[in-house]
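Residues per chain, in single letters:
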Amino acid sequence: MTEKTIYLDNNATTMVDPKVFEAMKPYFCEYYGNPSSMHRFGGQTAKAVAKAREQVKNFLGASDSKEIIFTASGSEGDNMAIRGIIEANKTKKHIITTKVEHPAVLNVFKYFEKQGYDVTYLGVDSKGNIDLNELKNAITNDTAIVSMMYANNETGVILPVEKAAKLVKQINPKIKFHVDAVQAAGKIPIDVKNTDIDLMTIAGHKIHAPKGIGALYVKTGTLLPAFVIGGHQERGKRAGTENVPYIVGLGEACELAQKSLSYEMSEVKRLRDKLEQGIIKSIYNAKINGETENRVPNTTNIGFQYIEGELILLHLSDLGICASSGSACTSGSLEPSHVLKSMGVPFESLHGSIRFSLSRFTKEEEIDYVLKVLPEVIFKLNKISPYQKELKALEEKHK
Amino acid sequence: MWDYTEKVMDHYKNPRNVGEIENPSAIGEAGSLVCGDALKLYLKIDDNGVITDAKFQTFGCGSAVASSSVLTEMLKGLTVEEASKITNQQIADALGGLPPQKMHCSVMGHEALEDAIANYKGEDTKTHCEDKIICNCYHVTEKNLREAIEENNLTDLEEVMNYTKAGGACGQCHVAIQKIIDEIKNQKEKIDIKNMSTTQLILKVNNVIEKHIAPELRKDGGDIELIDVKENKVFVSLKGMCKSCKFSSNTLKNFVEASLKEHISADIEVVEV
Chain A
1 MTEKTIYLDN
11 NATTMVDPKV
21 FEAMKPYFCE
31 YYGNPSSMHR
41 FGGQTAKAVA
51 KAREQVKNFL
61 GASDSKEIIF
71 TASGSEGDNM
81 AIRGIIEANK
91 TKKHIITTKV
101 EHPAVLNVFK
111 YFEKQGYDVT
121 YLGVDSKGNI
131 DLNELKNAIT
141 NDTAIVSMMY
151 ANNETGVILP
161 VEKAAKLVKQ
171 INPKIKFHVD
181 AVQAAGKIPI
191 DVKNTDIDLM
201 TIAGHKIHAP
211 KGIGALYVKT
221 GTLLPAFVIG
231 GHQERGKRAG
241 TENVPYIVGL
251 GEACELAQKS
261 LSYEMSEVKR
271 LRDKLEQGII
281 KSIYNAKING
291 ETENRVPNTT
301 NIGFQYIEGE
311 LILLHLSDLG
321 ICASSGSACT
331 SGSLEPSHVL
341 KSMGVPFESL
351 HGSIRFSLSR
361 FTKEEEIDYV
371 LKVLPEVIFK
381 LNKISPYQKE
391 LKALEEKHK
Chain B
1 MWDYTEKVMD
11 HYKNPRNVGE
21 IENPSAIGEA
31 GSLVCGDALK
41 LYLKIDDNGV
51 ITDAKFQTFG
61 CGSAVASSSV
71 LTEMLKGLTV
81 EEASKITNQQ
91 IADALGGLPP
101 QKMHCSVMGH
111 EALEDAIANY
121 KGEDTKTHCE
131 DKIICNCYHV
141 TEKNLREAIE
151 ENNLTDLEEV
161 MNYTKAGGAC
171 GQCHVAIQKI
181 IDEIKNQKEK
191 IDIKNMSTTQ
201 LILKVNNVIE
211 KHIAPELRKD
221 GGDIELIDVK
231 ENKVFVSLKG
241 MCKSCKFSSN
251 TLKNFVEASL
261 KEHISADIEV
271 VEV
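Line by line, the protein sequences are chains A and B. When we follow the working numbering, the leftmost residue of the first sequence carries the number 1, and every step to the right adds one. When we follow the working numbering, the leftmost residue of the second sequence carries the number 1, and every step to the right adds one.
Note that these hints are calculated values from the structure, not bench results. Where hints are given, some of them may not hold.
[To be verified] Just so you have them, the derived chain B footprint on chain A, three or more residues with Cβ under 8 angstroms:
| # | segment |
| --- | --- |
| 1 | 300–310 |
| 2 | 335–347 |
| 3 | 377–389 |
[Claimed, not checked] Straight-line distance between alpha carbons at most 35 angstroms, and here's what the computed DSBU-like set of lysine-lysine pairs gives:
| # | chain 1 | residue 1 | chain 2 | residue 2 |
| --- | --- | --- | --- | --- |
| 4 | A | Lys341 | A | Lys363 |
| 5 | A | Lys110 | B | Lys179 |
| 6 | A | Lys399 | B | Lys55 |
| 7 | A | Lys287 | B | Lys7 |
| 8 | B | Lys76 | A | Lys380 |
| 9 | A | Lys136 | A | Lys19 |
| 10 | A | Lys47 | A | Lys193 |
| 11 | B | Lys179 | B | Lys132 |
| 12 | A | Lys392 | B | Lys76 |
We put the CB at the ideal spot given by N, CA and C, even for glycine.
Turn these sequences into a full structure, and let the hints guide you.
Following this line, the structure appears as structure tokens:
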């Protein structure tokens, strides 16, 4: 292993921003009081939690900090929202989501399907876009919730959640609309104000806060039962003494993410595009998966045809480059990415798909280094492939 | 990240014998683009039936490339006869072991080798019609499954998935795979009883009686008692309603004896005392 680490796997997790870490530090050994305590010592942490709640509120464009519930992860937020709404609407037996959701949403829907619920999984086209007409036709009087991701974790494709929420409410205002915004937060502007979105999940570790902290936005007036029963914390919806340092970290990370948005959408995007275009230009068996326009600025998903993803990752890892793959072999399951499969990505690219995801900490020389070494890796692996004829044809076409 | 051995890493980083052989004596193929891994094995075999050269091309993950690469090293210098005895476990062992979830890579190497040898001998290398496909997602036949289960002593569905990939996608074949596992398990247990001591056999017979026979008889107010076991003869006594039942000899033959035969051995004979 080389010393150098080029981290292009920011959709998996991000580095904690040193400023976030600094903000958290005092809340371990110095200000460790319980926010619920009556003494002034505890009151200091209560203030810190209140400030963080305000920061998250501002970041999401919520109208009241009461609408923010701190969670331990994106998965928890997704579970709390979906299971909560279903529990609060016991008579309704139909729920809607998309085929390309993160497992934290998809598997919750599959769970309810097994319980006898009628589930609509909305499909996507070859670019990863959904069809709002399909959503419109799926809505029934029996529908309890629609859950839709804001941006896809594998391809970065942005789904029209605001339009979808509006459409749902026009047909039936009682249906609740949840957005899994874990991969959109910090990458594109988010503003729930004046939208029809009822619930929104974010996770700290995707926006340079630590792992183990997240938040769920719940619009005022949305009936949601307690997810963790116990004390009064998080307005009784999620009992348990607040994780003060991490909550402080999330608040700080949200504020920094808001400030970095324009950088993200210009500079990070420029580097992503440079990487993507460079790869497509120099490697004849590389093909972009998904929409190229309507995407979060940090993500690209590229299929390397006729070679396998895990093998690519292993070789990149030896060069210090961190990326990830939708290949079956890397996931521990035998199934390749459900997202790419739903998009109809052909098998020759499906198994060799690599996701590069940048962050505001990605440097230009890192992108240059990847562009320098990647073609050599791919061409070396191409030689091992049994599909020499097919590769030759691609090479000819590329010239 | 997978916990690959140094050898696996060495072989995927520097794969040996990559490429095609011109005018090969045999070609073997396994897997497909759809499945996510595919292997093409080329052999050059001399007039004495000795493998003088072996090369491969693989579409697959690190352990698939390593399995193919190490297999080509193992094959050189062997006779076709010797090569045909190589098992997937030997391929995995040559790499210092593979993670359980990656054992199917060694199985793929073994399948390609079998295919190459069949090709060399001029046998039909295509899947035979009678080879029922059990897993449609990964095109795994009943024959493939039986071989993998028997050779590697696989005992549950998860292991079978790790070794063959069968059942790893849609999951519709899980019941069918479990049935094959159970069948093989039963057969194995039956063979073993010939080498059992009388005490072991008594325990086994008693177990079958308690689990499968007595509960049924008790439903009708009857019961059964195991008196003795001598060689293949099982001596029992029918109790309760069974004692006075005019169909008792029928029960003894068609139910008690049949159950013992099914669960233990076809040689068993039941005698009423």
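Hints and how they fare:
no.: 1; hint: 300–310; verdict: holds (count 5)
no.: 2; hint: 335–347; verdict: holds (count 3)
no.: 3; hint: 377–389; verdict: holds (count 6)
no.: 4; hint: A:Lys341 to A:Lys363; verdict: holds (32 angstroms)
no.: 5; hint: A:Lys110 to B:Lys179; verdict: holds (26 angstroms)
no.: 6; hint: A:Lys399 to B:Lys55; verdict: holds (30 angstroms)
no.: 7; hint: A:Lys287 to B:Lys7; verdict: holds (33 angstroms)
no.: 8; hint: B:Lys76 to A:Lys380; verdict: holds (24 angstroms)
no.: 9; hint: A:Lys136 to A:Lys19; verdict: violated (44 angstroms)
no.: 10; hint: A:Lys47 to A:Lys193; verdict: holds (25 angstroms)
no.: 11; hint: B:Lys179 to B:Lys132; verdict: holds (14 angstroms)
no.: 12; hint: A:Lys392 to B:Lys76; verdict: holds (30 angstroms)
Hint 9 from the list above is the single one not met by this structure.
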